[in-house]
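The listed protein sequences derive, respectively, from chains R and W. Under this note's numbering, the residues of the first sequence are numbered 1 to 694, in order. Under this note's numbering, the residues of the second sequence are numbered 1001 to 1315, in order.
Honestly, the hints are just simulated from the structure, not real lab data. Be a bit skeptical, because a hint or two may be false.
As the list claims (entries may be wrong) - No farther apart than 25 Å at their CA atoms in a straight line, the calculated lysine to any residue pairs in the SDA-like style are these: (1) Lys-1237(W) <-> Ile-19(R); (2) Lys-31(R) <-> Ala-1264(W); (3) Lys-31(R) <-> Ala-1229(W); (4) Lys-31(R) <-> Glu-1030(W); (5) Lys-1237(W) <-> Thr-43(R); (6) Lys-1237(W) <-> Asn-55(R).
As the list claims (entries may be wrong) - Which chain R residues stay away from chain W? Per the calculated CB distances, all over 10 Å, these: (7) Thr-32; (8) Ser-35; (9) Leu-40; (10) Pro-42; (11) Trp-110; (12) Ser-375; (13) Thr-396; (14) Asp-624.
Yeah, the Cβ is synthetic: ideal placement off N, Cα and C, and Gly gets one too.
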Amino acid sequence: MNFLAPLFLAGAAAVALPILLHLIRRTEREKTPFSSLMFLQPTPPQMTKRSRLENLFLLLLRCLVLALVAFAFSRPYLQQAITPPLQKTERVRTVVLVDTSASLRRDDLWAQAKQRAASVLRAAGAADEVALVAFDRQPRVLIDFTRWTGSASTERANLAVNLIESETPSWLSTHLGSAMMRGVELLEEKADAQLRKRLVVISDFQDGAKLDGLQGYEWPKGVEVRLEQINARNPGNAALQLGAELASGAGTTDGSIKVRVNNSADAKRDQFRIQRSDGGPGAEAYVPAGQSRVITLASGTNSLTATNGLRLSLTGDGQAFDDSLFIQTRRQETVRVLFLGNDDPKDSAGLAYYLGRAFPETRTRNVELLLRPTSVPLTAADLKDAALVIGSTRLTAGQAAWAKQALAAGVTVLLALPDSTSTEAIGTLLGRTAPNAADLTSNYSLFGRIDFQHPLFAPFADPRFSDFTRIHFWKARQLSTNGIPGARVVAAYDSGDAALMEIPAGRASLFVLTSTWTPADSQLALSSKFVPLLSGLLDYGRARQVFARQFFVGDSVPLPTNGVAGALSVVRPDGKREALAAGTPLFAGTTEPGFYRVDGLPEPLSFAVNLSPDESRTAPMAADALSNLGVPVKLVPTTLAAAPKADPAATLMTAANELEGRQKLWRWVLLAALGIVLIETWLAGRLSFGGKTA
Amino acid sequence: MSPSLQDARPAVSGGSFLDPAALMRIRNLELRAQVVVEGFWSGMHRSPFHGFSVEFTEYRPYVVGDDLRYLDWRLVARSDRYYIKKFEDETNLPSHLLLDLSPSMNFKSLGWSKRDYAATLAATFSQFLHDQGDAVGLLTFDDRVRDYLPSRHRKGHLRQIMLALEKQSSAGTTSLAEPLKRIVEIVRRRGMMLLISDLLAPLEDLEKNLGHLAACGHDVVVFQVLDPAETTFQFQKATRFEDMESGRDLYLNPSAARARYLEAFGQHQSAAKSLCERLGIAFHVLTTDVPLDIALFEFLRDRLARGRKPVKTRR
Chain R
1 MNFLAPLFLA
11 GAAAVALPIL
21 LHLIRRTERE
31 KTPFSSLMFL
41 QPTPPQMTKR
51 SRLENLFLLL
61 LRCLVLALVA
71 FAFSRPYLQQ
81 AITPPLQKTE
91 RVRTVVLVDT
101 SASLRRDDLW
111 AQAKQRAASV
121 LRAAGAADEV
131 ALVAFDRQPR
141 VLIDFTRWTG
151 SASTERANLA
161 VNLIESETPS
171 WLSTHLGSAM
181 MRGVELLEEK
191 ADAQLRKRLV
201 VISDFQDGAK
211 LDGLQGYEWP
221 KGVEVRLEQI
231 NARNPGNAAL
241 QLGAELASGA
251 GTTDGSIKVR
261 VNNSADAKRD
271 QFRIQRSDGG
281 PGAEAYVPAG
291 QSRVITLASG
301 TNSLTATNGL
311 RLSLTGDGQA
321 FDDSLFIQTR
331 RQETVRVLFL
341 GNDDPKDSAG
351 LAYYLGRAFP
361 ETRTRNVELL
371 LRPTSVPLTA
381 ADLKDAALVI
391 GSTRLTAGQA
401 AWAKQALAAG
411 VTVLLALPDS
421 TSTEAIGTLL
431 GRTAPNAADL
441 TSNYSLFGRI
451 DFQHPLFAPF
461 ADPRFSDFTR
471 IHFWKARQLS
481 TNGIPGARVV
491 AAYDSGDAAL
501 MEIPAGRASL
511 FVLTSTWTPA
521 DSQLALSSKF
531 VPLLSGLLDY
541 GRARQVFARQ
551 FFVGDSVPLP
561 TNGVAGALSV
571 VRPDGKREAL
581 AAGTPLFAGT
591 TEPGFYRVDG
601 LPEPLSFAVN
611 LSPDESRTAP
621 MAADALSNLG
631 VPVKLVPTTL
641 AAAPKADPAA
651 TLMTAANELE
661 GRQKLWRWVL
671 LAALGIVLIE
681 TWLAGRLSFG
691 GKTA
Chain W
1001 MSPSLQDARP
1011 AVSGGSFLDP
1021 AALMRIRNLE
1031 LRAQVVVEGF
1041 WSGMHRSPFH
1051 GFSVEFTEYR
1061 PYVVGDDLRY
1071 LDWRLVARSD
1081 RYYIKKFEDE
1091 TNLPSHLLLD
1101 LSPSMNFKSL
1111 GWSKRDYAAT
1121 LAATFSQFLH
1131 DQGDAVGLLT
1141 FDDRVRDYLP
1151 SRHRKGHLRQ
1161 IMLALEKQSS
1171 AGTTSLAEPL
1181 KRIVEIVRRR
1191 GMMLLISDLL
1201 APLEDLEKNL
1211 GHLAACGHDV
1221 VVFQVLDPAE
1231 TTFQFQKATR
1241 FEDMESGRDL
1251 YLNPSAARAR
1261 YLEAFGQHQS
1271 AAKSLCERLG
1281 IAFHVLTTDV
1291 PLDIALFEFL
1301 RDRLARGRKP
1311 VKTRR
């Protein structure tokens, strides 16, 4: 039991008062009326006799009340729960996490962060272990415990400080959650039980920081978290964000550009101007703090084309790091879907009827459906621009052979199985014996198990869209996949038999649906899932060839590999060329915003990289955001003056203050005192009433 | 009237007196006074002082026009001379009761206060004197005169006196000087003055005013009414003592203060007594535990013992 204000305990001396009053006042209060005092002289009061102490219980209660009040005022708290403050004798294992995300480019935040980090590093004792981790989108260990303890104790701090000095804020977003988890991982790694574990996070704790992963993360016991928040001198920030159409890389039909202007909640300004790099008309934007507005920029003289990017600049918000928005679009592409079969596209009982309606035109894609009945011979020219081949398994030998070529060329093939006998084509396509098939005997089947991890079904993973129970399969077949290498059941019926399976073949995949989408066989074509499924199938095949144009800093950019001869190189926004090894499928060097150009392709490919919109949300996060996630937080005041130039007494006092504030024992003590006062009042009333009537 | 009241005293103290406690339980003051006086009369009937109030004084020769009722017929029969029998007439003795109503009179250590006792005493005297045919007046006072009823002997007057006596006592302090001065001014006709007070006030002015009263020819009798507690000061508990008149209080340990109190009180009493003696004033001390008829007896005995007749007026 300790006290925050032990001086108040001296107030307990006031218990002498009721004792004295019981000695004196009890006798003084009674007055004896007498006719005249003319013959009387005053005599001094006597209080030496113990027997004068009447109503001992009452006296005890009164003393207790005073003692309790004094006790409550001294703000007691229980010591055992307090985490002992830093003491020189104790060894501490500290992980210092330093935020290097793009938002640190504001004002002098980075200088503050370095200063904080340096003071924490220099405060470490000789026996302490410190690891220094910089983080933005990924945590990067600058110094681990081994290196720290391995270097001379006098040099450690300097080494670490030098390392942090050499760092600069990146253009990446803040993944605070994963960084903290990595910090804890480091702390727990081969940890000595005697060591106190402490995680120090130096960051601006912006609203846009990602805390994913902390939800549901069981925070290990004994890890103390200290948050050191640094604040910008000029709060408030506005940023541009692409509208949904442009974000997907699609151009706009009329050349107008829709951008969203977000203004942070702590902003002091609300009037902004948007300018465009092509000299086109800019726009004024009025956005109140904490809100966002969509601004439409009229079509300029040089409207967006696939080759020319457009850069928009926002002025008027005072923070420059996120004021540029880079826009790159792609042109509409024509892709072909071939249907192999004799079905009349006007016959709603056939397969082709539904395909004609499954591929609406979008800004990036125009799908051309080519019907190839058995009467029309297939040529190699048909493969040009083909993205998807669809048919039933009743293919002729020629069709099957052509489909096999398509697979080899990287075109996805989807075959529907209209009966249990025509599995020959599958055998042909895969170059092996035809698998056995049988009709399922139940009245109808439903999708029983769906692999939502598969790219085809991934868009349906959200519970809002994952209901496939309305799709009945009246006629379904059982196809044995035994022995087919790489076959993957994407969806299965409730009976457990495969409904849709993916079989890798050639450079592409063969999808086999063990039913069809005609109304006679199933409700698939009539369901809302049909169009997205086929669209997914179209993109599934083309994903390795069609590329997005808009990325965020840190994203890996897929590169074309089809028909690429030789090594590629990427020209970065600053003009530097980065050579890539031949066949590299991904470009991971998007370290800054701007336009990137990929050279070495038959057709030049440009893409735009922007700052993550989350990084522009620079208002400080809610104070309890971390503690709500179960992080045992201790927030250090924001001003540098209060930076932890640890005065042990002050630290102890702060800890005690917090502990006392949590326990609030004084409330209970005062409550007890109040209760006793009530008892005392009742008792005193009873006694005095009894005295009068006696 | 040779035998003195002294002879009657044994019979009185033999237990036939009214217990003050029993008397004080009678709520009605008039009734209380009647009880005392009637008891007193009944005692008198057994005593040799029958006819006390109509006392023969002298003969005078009959002149025409005298009331024949007063003719001494036996003398006429014996000597054939006509004489009118002249009686001592006390009925016209104007007496005034001066009653102290100051707050100090409210003190009581028994079940009744000095004021109750004094009022009963005054009522008893009123009843007694009235029954004798005397005119009785009343003057109540504390630090000044409160009520004044001139001495009369008529129907209803006694009732008025009783009502005045029953009035609650008022505030103020015991100050004898002012009321005594006033009564000298008011009452021109010589008569008897019965002062009933506790005399718990400085005696400086008392001598002058009582002397003035006596000098005016009034027959002054002082009844000092005291509570037994005032004469003995038998308090035990050390408490604050509050002066009933001034409200002043004083912390006292009675055992320590008793000796000094008794000494001072004794001095006061003897001063008062000697003062009265000097002025030729009858001084009676009555404590509230003394039966009232004793007071009456003592009064009468004293009057006879002093050898003075009440001031008489003739019809």
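Interface exclusion of Pro-42(R) relative to chain W, criterion Cβ beyond 10 Å: 5 Å, violated
Pair hint outcome, Lys-31(R) versus Glu-1030(W) [Cα-Cα no greater than 25 Å]: Given pair Lys-31(R), Glu-1030(W) is violated - Cα atoms ~34 Å apart, limit 25 Å.
Least C-beta distance from Thr-396(R) to chain W larger than 10 Å: 129 Å, holds
Given hint Ala-1229(W) paired with Lys-31(R) - CA-CA distance at most 25 Å: 16 Å, holds
Assertion that Leu-40(R) lies outside the chain W interface [Cβ separation over 10 Å]: Label violated. Min Cβ-Cβ 6 Å, cutoff 10 Å.
Assertion that Trp-110(R) lies farther than 10 Å from chain W (Cβ): 80 Å, holds
Outside-interface status for Asp-624(R) - nearest CB in chain W farther than 10 Å: 63 Å, holds
Outside-interface status for Ser-375(R) - nearest CB in chain W farther than 10 Å: 132 Å, holds
Pair hint outcome, Lys-1237(W) versus Asn-55(R) [Cα-Cα no greater than 25 Å]: 17 Å, holds
Status of Ser-35(R), Cβ more than 10 Å from any chain W Cβ: The assertion about Ser-35(R) is violated, with a minimum of 4 Å to chain W.
Given pair status - Ala-1264(W), Lys-31(R), alpha carbons within 25 Å: Answer holds: Lys-31(R) to Ala-1264(W) is near 22 Å, not above 25 Å.
Whether Thr-32(R) stays farther than 10 Å from all C-beta atoms of chain W, as the label says: Per Cβ check, Thr-32(R) is inside 10 Å of chain W; nearest 5 Å; violated.
Of the hints listed earlier, those the structure fails to meet are numbers 4, 7, 8, 9, 10, in rising order.
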